[in-house]
Amino acid sequence: SQTIHQWPATLVQPVGSPLSLECTVEGTSNPNLYWYRQAAGRGLQLLFYSVGIGQISSEVPQNLSASRPQDRQFILSSKKLLLSDSGFYLCACGQSSNQPQHFGDGTRLSIL
Amino acid sequence: QKEVEQDPGPLSVPEGAIVSLNCTYSNSAFQYFMWYRQYSRKGPELLMYTYSSGNKEDGRFTAQVDKSSKYISLFIRDSQPSDSATYLCAMRHTGTASKLTFGTGTRLQVTL
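Those protein sequence lines, which keep their order, are chains A and B.
The first sequence runs contiguously to residue 1281 in the working numbering.
The second sequence runs contiguously to residue 123 in the working numbering.
FYI, nobody ran anything at the bench for these hints, they're computed from the structure.
Nothing here was measured: the structure is a model prediction, and the numbers come from that model.
Cβ atoms here follow ideal geometry from the backbone N, Cα and C, with glycine treated the same way.
Where hints are given, some of them may not hold.
Said to hold, decoys possible - One-sided and incomplete, this derived list gives chain B residues near chain A with beta-carbon spacing under 10 Å: (1) Y43; (2) Y60; (3) L99; (4) A101; (5) L111; (6) T112.
Build the full structure now, drawing on both the sequences and the hints.
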């Protein structure tokens, strides 16, 4: 079965600083990969998804970007963080259109 | 109107009770339905995955889908304190990226 690794678990960053969150997947190949943000009382918001290396689709305009340099690696980045970027960021993996998504344990990002 | 509506709770029940969690949706194109359990500061964990209308049982958990009413439910029998968590419903229509639409989650507390 697949395992999703996310790090760091917690991150505190100043406004205007850069960001790089990494997600790696084990136990599967050529997965669909997803970045979500979860805000209290608002459920999960899909930010980006990728169906293959170098293929990124953005769901909402924002201060963030994503990249997929390898089959099982998905990176979420920002050049300059805003206060509104605070939240719980989750990486998810889905093997095909008939399979459900599985999640990592997330990164809690606080912007000061 | 949100595509998926879920009562946020909190829902408090005594140990051993039967719990009913529900979601309604408006998009008739949704074909796949999921329930996730999320403990505090953790990623969502897949509990149930269903496609067709009807019931699916797994141990103490039963998922029910009524596509004609656009209504899904999760029943937990003999609830335990370890069931205390936030329960998220999610759904999607067919497509290559398998993007999910989530409810906002229901917080459940099972008391001794």
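Now the hints, each set against the structure:
1. Y43: Holds. Min distance 8 Å.
2. Y60: This interface hint holds because 5 Å falls under the 10 Å limit.
3. L99: Constraint on L99 (chain B) satisfied, holds at 7 Å.
4. A101: Nearest chain A Cβ about 8 Å off; hint holds.
5. L111: holds, 6 Å
6. T112: holds, 8 Å
Of the numbered hints given earlier, the model fails none.
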